[in-house]
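*Asks:* Okay, here's what each chain looks like letter by letter:
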Amino acid sequence: MSPAPRDRFLEDAAAATADDPQRGFLRGALGGYYASRDVQKARYRDWEKARDAAALAKWTAVNRLDRNLARFEEAFVRNGGVVHWARDAAEARAIILGICREAGARSVIKSKCMTTEEIHLNDALEAEGFGVVESDLGEFIQQLRKEPPFHFVFPCMHLRRDAISELFGKHLGTPPTDSPEELTMIARRHLRDLYLRADIGISGANFLVAETGQVSITENEGNARLTCALPRVHIALAGIEKVIERLDDLAVLLPMLATAGAGQPMTCYNTLYAGPRRAGEADGPEAFHVVLLDNRRTALLADPEQRDALHCIRCGACLNVCPIFKNIGGFAYGTTYQGPIGSVITPHLRGLRNWNHLSGASSLCGACTEACPVRIDLHHHLLRNRRNAVRAHGGWADRLFHRAFGWVIARPRLFSLGGRLFRAALPVLRRLPLPYLRPWLRTRTLPEAAEPSFRQQAKEVLR
Amino acid sequence: MSAARETILGRIAEALRLAAPRPHLSSDVPAGTPAKVGKAWLPEGGDDEEGRLALLEANLGKLRASLVRVPDAPAAAAALARLAAERGWKRLALHRGELTETVARGLPCETWCVDDGFDKDRLEACDAGLTACESLVAQTGSLLVSSASNGGRALSILPHVHVVVARRQQVLPDLEAALADARARHGGALPSMLGFITGPSRTGDIERILVLGAHGPKELHVILIG
Numbered sequence: 003m004s005p006a007p008r009d010r011f012l013e014d015a016a017a018a019t020a021d022d023p024q025r026g027f028l029r030g031a032l033g034g035y036y037a038s039r040d041v042q043k044a045r046y047r048d049w050e051k052a053r054d055a056a057a058l059a060k061w062t063a064v065n066r067l068d069r070n071l072a073r074f075e076e077a078f079v080r081n082g083g084v085v086h087w088a089r090d091a092a093e094a095r096a097i098i099l100g101i102c103r104e105a106g107a108r109s110v111i112k113s114k115c116m117t118t119e120e121i122h123l124n125d126a127l128e129a130e131g132f133g134v135v136e137s138d139l140g141e142f143i144q145q146l147r148k149e150p151p152f153h154f155v156f157p158c159m160h161l162r163r164d165a166i167s168e169l170f171g172k173h174l175g176t177p178p179t180d181s182p183e184e185l186t187m188i189a190r191r192h193l194r195d196l197y198l199r200a201d202i203g204i205s206g207a208n209f210l211v212a213e214t215g216q217v218s219i220t221e222n223e224g225n226a227r228l229t230c231a232l233p234r235v236h237i238a239l240a241g242i243e244k245v246i247e248r249l250d251d252l253a254v255l256l257p258m259l260a261t262a263g264a265g266q267p268m269t270c271y272n273t274l275y276a277g278p279r280r281a282g283e284a285d286g287p288e289a290f291h292v293v294l295l296d297n298r299r300t301a302l303l304a305d306p307e308q309r310d311a312l313h314c315i316r317c318g319a320c321l322n323v324c325p326i327f328k329n330i331g332g333f334a335y336g337t338t339y340q341g342p343i344g345s346v347i348t349p350h351l352r353g354l355r356n357w358n359h360l361s362g363a364s365s366l367c368g369a370c371t372e373a374c375p376v377r378i379d380l381h382h383h384l385l386r387n388r389r390n391a392v393r394a395h396g397g398w399a400d401r402l403f404h405r406a407f408g409w410v411i412a413r414p415r416l417f418s419l420g421g422r423l424f425r426a427a428l429p430v431l432r433r434l435p436l437p438y439l440r441p442w443l444r445t446r447t448l449p450e451a452a453e454p455s456f457r458q459q460a461k462e463v464l465r
Numbered sequence: 002m003s004a005a006r007e008t009i010l011g012r013i014a015e016a017l018r019l020a021a022p023r024p025h026l027s028s029d030v031p032a033g034t035p036a037k038v039g040k041a042w043l044p045e046g047g048d049d050e051e052g053r054l055a056l057l058e059a060n061l062g063k064l065r066a067s068l069v070r071v072p073d074a075p076a077a078a079a080a081l082a083r084l085a086a087e088r089g090w091k092r093l094a095l096h097r098g099e100l101t102e103t104v105a106r107g108l109p110c111e112t113w114c115v116d117d118g119f120d121k122d123r124l125e126a127c128d129a130g131l132t133a134c135e136s137l138v139a140q141t142g143s144l145l146v147s148s149a150s151n152g153g154r155a156l157s158i159l160p161h162v163h164v165v166v167a168r169r170q171q172v173l174p175d176l177e178a179a180l181a182d183a184r185a186r187h188g189g190a191l192p193s194m195l196g197f198i199t200g201p202s203r204t205g206d207i208e209r210i211l212v213l214g215a216h217g218p219k220e221l222h223v224i225l226i227g
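Protein chains in written order, with my numbering: chain D, 3 to 465; chain U, 2 to 227.
Simulated from the structure, these hints should not be mistaken for lab results.
Since this is a predicted model, take the numbers as computed values, not measurements.
Treat the hints with care, as some may be off.
[What the hints assert, rightly or not] A few chain U residues facing chain D, derived, Cβ under 8 angstroms:
(1) Pro35
(2) Asn60
(3) Thr204
Where is the CB? At the ideal position from N, CA and C, for every residue including glycine.
Let the hints inform the model, and build the full structure from the sequences given.
*Replies:* Spelled out as structure tokens, the structure:
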């Protein structure tokens, strides 16, 4: 049996944090992002208000989700597409496998889609004998390495070029090179033929437009454009929270997604698909299916306090600015969605009991909340998850401690007495072995009490 | 699968019985749709035609796309012929249309229309794809292509070079204007693909270093008439 998520997390995070060169490499890779993001943000006439508009667009859409999904379905079907609903991962896999079988398909080309990672689609397709190839460069590299994405926007940002050169040499028989340009061209040449031969193209969806029944896909490389143009069947897998109300909302959301996530004015290709090839069009798939996935998103929806976590447009900005992500990297999380947003939603999607430890993987600095283009209250949600975990699964000691603490701080005299006692005890505590605190104290020392105390200083000032 | 549909919609209706608070906003946001109110806060789209053109040119430059401005269609044809000769193109794919066909006439290479369906391998082997576009967006340096008016889906993405020919009147200030324009043109029946293209294909997946031509065109040339 594999170790519990919490134990694995502690072990992996400790190992990653001890790897100084790798941490330096990650920081270096993100350096360019900060610079270009700031340049692009400065082009907005008011970035903060633009965030308001983006947050409102998603808030409106999510809080009328049932109506918007029904509208999307109706419009998408009118456009000639087929809509499928999947309650969970197994149902989504079965639907997609069914479409592939019915189409008599053998090969599948995929453009980047984290939701397919969430439902472990590739394993299911391969087990049924379908050939599956990831076409996004980073995903292609990760697929060759048999590794999940390291970052849900930049899947292989942890790898150096020599590792990629070696990987390509081993799997594709190409000569070694230290040029990112040449490595990219190797993948380009290799994948071109696969697009042309694939029977099925599978993509994700960045937005589903309720008003028009369009699926909006954002990408830089052009691999999604090819995936949706050449194969005879197109399947898009989308979480139900991807729906937005109006086509016009994209005029705000597309540039915000690009700027927050990658420091670009616009991502290179933002494409809206409304159904399969129409009469009179030169090409395009014969059939276009959308699979709408719940997989416990409705459990998150049922929590009004944290419902805004479903506003997420997966730009990855919260990972890029997170001091925890920068130190422990993406793999330690052990989740499909890494970083602050992953720490917030994974306990809802996969259970608070096993995943609450991620709520502690935060310095509560709030950098994530500040970076979020749709204003998700990320760092406070981490606190709320901690609170909910104690309520739901806290041991008696946890509960007793918090109840007692709450009781004491509500009583100023008692609190003051407690403070005085603690101050008196500190010099002794500093010399005791304190086994319970040992892991924490390995890298820290207990503080010395300020003299005079904060309360006394405050009294002076207020007098 | 309608059981799943009913279950999910039921779960959602149940979940939404409790209202969520409005997000914490930085200010009092005026009423209106997000796009309408957000428009004023996004990057600017130019105040007049000259401003729009200057912005478009600057943005395309930053994206490493080229912009050639020519006075009329014959000059556009000459500009395209220069590109074809410089790069030694053997075959160029295009779609039918007044603009594309005029500009491709007399090219020093073979030309081929894809409108009635095409062999994918043959298109892949073409040196360049020539399309018109629905509009150009000054705000972001994007152009909008559609499967209905610009030769389908593959023509603007599969060949290694993409050349777009357009008229100055097609330059619009911002994304919202481009979407409104597409809607006005196509009415209720939107094309099966509407795509914003913002610069040549790119990736930063290896060490976050920019490489052009990841899977789509390595080069994007815009020839603007007028």
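*Asks:* All the hints need checking, so say for each whether the structure fits it.
*Replies:* Hint check:
Restraint check, U/Pro35 versus chain D: the minimum CB separation of about 4 angstroms is within 8 angstroms; hint holds. Given the 8 angstroms rule on beta carbons, the hint for U/Asn60 holds: about 7 angstroms separates it from the nearest Cβ of chain D. Interface restraint check: U/Thr204 against chain D, minimum CB-CB distance 5 angstroms, threshold 8 angstroms, status holds.
The structure is consistent with each of the numbered hints, conforming to all of them.
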